[in-house]
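Engineer: Okay, here's what each chain looks like letter by letter:
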Amino acid sequence: MQEKIEQLKKKIAEAIKEVHSSDSLFQIKMKYLGKSGEVSELMKGMRDVPKDKRPEVGMIINALKVWAEDQFGKLDKNIKAKELKKQYAAEAIDVTLPGNTSKRGAYHPNTLVRRELISIFAGMGFTVFEGPEIENEYYNFTALNTPADHPARDMQDTFYITDDLLLRTQTSAGQIRVMETQKPPIKILSPGKVYRSDDDATHSPMFSQMEGLVVDRGITLCDLKGMLDEFARKIFGDGVKTRLRPSYFPFTEPSVEVDVSCFECGGKGCRLCKGTGWIEVLGAGMVNRHVLEGCGVDPEEYSGFAFGMGIERIAMLKYGVNNMKLLFEGDTRFLKQFKS
Amino acid sequence: MLLPLSWLKDYVDVDVTAEELQKKLFGCGFEVEELINIGKDIGGVVVGEVVECEPVEGTHLHVCKVDCGSHGVKQICCGADNVAKGIKAPVALVGATVYATGKDHVTVEGVMTIKKGKLRGIESEGMLCSGVEIGVNGDMFEGGDYCGLLLLPDGFENGADVKPLLGLDDYVFDIGVTANRPDCQSIVGMAREVAAVLGKPMREPDCSYTAKAKGEKVSVSVIAPDICPRYIAHYVKDVTPAPSPMWIRKRLALCGLRSINNLVDITNFVLLEMGQPMHAFDCAKLDGREIVVRRANAGEEIVTLDGKSFKLTPDNLVICDGNKPCALAGIMGGENSEITDATRELLFESAKFARDSVRKTSRALGQHSDSSAMFEKGISEYTTERAMARALHLIEELNCGTVTDVHVDIKTEYSHDGAKVMTVSLNKINKLLGIEVPHDEAIDILKRLNFGVEDGGDNLTLHVPPYREDIDGYADIAEELIREYGYDRVTGTFMPSALITNGGYSEAQKAENRLKDNLVSLGLYEISTYSFYSEKDLDMLHFPEDAPERSFIRIKNPIGEDLSVMRTTLAPSMVSTIVRNLRRGNAEGRLFEIAKTYIAKSLPLTELPEEKNVLCIGTFGGGDTFLDIKGVLENVADSLNIKLDYAVAQRPYLHPGICAEISCEGEVLGYAGRLDPLICEELTIEKKVFIAELSYDALMSHAKPFKYVPLSKFPEVQRDLALVADLNITCGQIESEIYSACKYVTGVKLFDIYIGKQLGDGKKSMAFTVNFTPKDEAFTPERIDGFVKKILGNLKHKLNIELR
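Top to bottom, those sequences are chains A and B.
First residue of the first sequence? That's 103 in my numbering, and the numbers climb one at a time after it.
First residue of the second sequence? That's 11 in my numbering, and the numbers climb one at a time after it.
Excised from the complex, chain A in its bound form (with noise of 0.2 Å):
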């Protein structure tokens, strides 16, 4: 019988060394260790051995069982593993090969600049009013404290519909609309559209505007300086510097144009800034108290500054877009670089 045992030791571990898959080493398990596989046919033949070698014999069974078991288990190991790596080169791909998504589009540089200006002066609690395009003689200029024979009106070149309406030339015609309806605190910022009969490289017929207002009592120039100062931080990035420099709008007075320092080379003088090392950005001032008295705010109890700036002009100091027309030609190969 020990010898039996001792051969189909042998046996097993002979067969073990042709096994290389999980499928034959399933086979060769049940043909030794299954119901009625070879170790299990010994335990059988114990009824030939002596009663009192049985239990001798019997744990040498076992024992052959248990090495057995051992010794599947450790190739059931190895197999799988090697399986596993098998199975892995199989399945490598080329992690470079292109995404399946769909493709993103891209917004206007005009959105992506209105966006930043709305969110910087909303935070600084400005709401947004939109007024309409097509305005009264009234609202674009007269309430602008620009009457007829004012010089001023010929500062733009006016699109006209009829004798009275028109296409508005500045967004600051939102302004009185705002102060005909709210009283004071106001802070808005009033974006949109405007028309100016200019067409060439640097001027379209139609371009944005974003135009703010504050008034409120005690309201002075360091406040407008403070805030713009702010607004070319954010815009333009930390270090950038405003400065004023006297101007004439008929809305407001004092009127400043406001430059900021380039961003491109420091203020040291560059292409962009022309070697001047400041950047013409917007025109603001303190507004004027015969706009305030046209819209029913006492200028004696109020006061407030306003400001204007082109988002064309922002959009193209920003990503250095050099001609305007590029902006309204809708070509994508311009379009899909703005990417956000």
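Hints were generated in silico from the structure; no laboratory data involved.
Worth double-checking, as some hints may not be accurate.
[Stated by the list, open to error] Okay, the calculated beta carbon distance ranges per label pair:
no., chain 1, residue 1, chain 2, residue 2, range
1, A, Ala250, B, Ala657, 48 to 56 Å
2, A, Ala183, B, Gly757, 41 to 49 Å
3, B, Lys34, A, Gly377, 42 to 50 Å
4, B, Arg499, A, Gly368, 56 to 64 Å
5, A, Ser221, B, Ala110, 52 to 60 Å
The structure presented is a predicted model; accordingly, all values stated were derived computationally and were not measured.
Positions of the beta carbon are idealized from the N, C-alpha and C atoms, including for glycine.
Mind docking chain B on chain A? Use the hints.
Structural biologist: Frame of chain A, contents of chain B only:
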């Protein structure tokens, strides 16, 4: 305006460089748009005296020995016809830069550097120059126009740099003057500002004269005082038209004007110097020695100095004699009373005409002049008075006529002398500025700006200079102070006194942002196109003659016909953008635009029109089909929590078989479809183009916030139905029939469509998955069978559809 530094120095001692002055002017509100250095291209040119001059045989050349003072005696070969021993002329030494001229010796073709060279084998160390070659013309220096050598006076020292001697070291400031400062559109006006900013005294121009003779009376009447508030006339006799002296001609030339003769030049000189347009009539040509300022009669005609003839209306102000118009007021004189060499007596006019009257006439007639430009900007009557005196002074100074005692000054009821007294509080000004301008400094600034100041502590009583019509209140004084005190002293503060306000977008603005976010994530590029286009753009898209879209709001003064009507539909702009892309070789794209259309309530427009927001989507190439553009719309609808309905429809520019009317809850929002292949052919578009155009406002008005519905406790049941229908039955019809047949249907989704022989002619098979959602109890299979039976019955009955 042009401000020559040399002329400015007549009135102010400028002790800073041109560049420094430029900076100072910039700081106080006068941007120098260009600083022109008159002789910037010329260098190394000195006075030379020809001491020997021998002709070179067989040529037109002379070989000269030229004494260049400290630079030595140079041998120079010269081809000019006026070269001779003993003359003095400019010598460009070796290394000098001068202008290269063309064969005509007049046209400047660039700048050249003088080199040592040989002419016909003869060494030449430099060049004797003409006026043109060193940038000098006849108005800048006598003989400057001659194409031979520029002859210099004997008094010029040999070897001296010619630039200061010929005025080539001068600068001209091209200054941008803001519309509120018409008083600065003159040399004197700017001189006042320069004096103030430099803290120097101002020397006013000499306006003294003596009426040396009696003159024959001239009568003046102003019949249109509302547009001619002030009219001054003065009679000058025994005038002698002749060329002006050099100093007048030079100043005119620096400001870009050509000299005509002394009399005309005086009027132009005064215009530049004082900012007052003047006119001189040949008095002998004025019928009845009479001036009448009146509106033109309808149809009346005038021929102006430049020979142009105009038919006038009562909107035009004219200066007439006893019979006829002799000048277009403020714009240009008439040919009939022009100053000529034969003129022996003249009448000067210095007047104030209303700026909008001049502007309207000038625009209506298309006739512009330096004079009309000045009147449009506005002048003060102070200037009107002073300018007349200055012109008379110049008559005396130039000794070209006798000033008489015939002086007529009509101050109408519309006249005002500009004198203004106001009291301002410095405290109030400082409150507006946010910083404190020291009291004494404020007074000093105002005095420098010629304000009369009575110091009452905080309250200052100010006598405003009569030419400062722009000064209107304390805010204007605040501006005067801060622009002189310095804007760099304004320090940023952050509205410490203001109330807190809650900023941000409105709900509608947020919704627009979300919609754009959605479209961009679906692969669409946002475009922005002009709000105006041409009526022809609607022809391009085959809109019929009577289409409501042709009820345009028209621009009265468009840039051109192609930008002349406000758009009523965005589709033409989208198609034009697509065509542009295809022509540039961009093979595919998905575009969208949200913009306004302008819809008149009635035409002609009497009130503000409706501005309606429209969403337009366009796709081209890239294999996109109708279902792709519809997919975008369905995605948009899903994001707004609404359902869009599609029905077969027709639209002028869309394929008759691929066009859907889109509606929501019964309201038509717009259309989507394929651009008509016929239009594509006309526009040579080879790709398939799909367009959708929806009312943005209507679309958004249907948007609904999502509402949470508790999850059903009972399982949903799905059934697939394969149906056979006639080809003309639409998917939409079947879907809505299934929905209406059973209230438990919560979803109908097409998953297969098939057309084949075994179905028979004119038939198609469509397979749908139908979802049934229970409410109060689970569905038994029998119940579902009942629903299906009802659905099939309805489909059979209404649409002749069978189960496959």
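Engineer: If a hint holds in the structure, say so; if it does not, say that too.
Structural biologist: Consistency of the hints with the structure:
For the hinted restraint 48 to 56 Å between A/Ala250 and B/Ala657, the CB-CB distance of approximately 53 Å keeps it satisfied. A hinted range of 41 to 49 Å for the beta carbons of A/Ala183 and B/Gly757 is consistent with their spacing of about 48 Å. Judged by the Cβ atoms, the range 42 to 50 Å given for B/Lys34 and A/Gly377 is violated: they are separated by roughly 19 Å. Against the hinted window of 56 to 64 Å, the Cβ-Cβ separation of B/Arg499 and A/Gly368 comes to about 23 Å, which falls outside the hint.
A beta carbon spacing of about 58 Å between A/Ser221 and B/Ala110 agrees with the range 52 to 60 Å that was offered as a hint.
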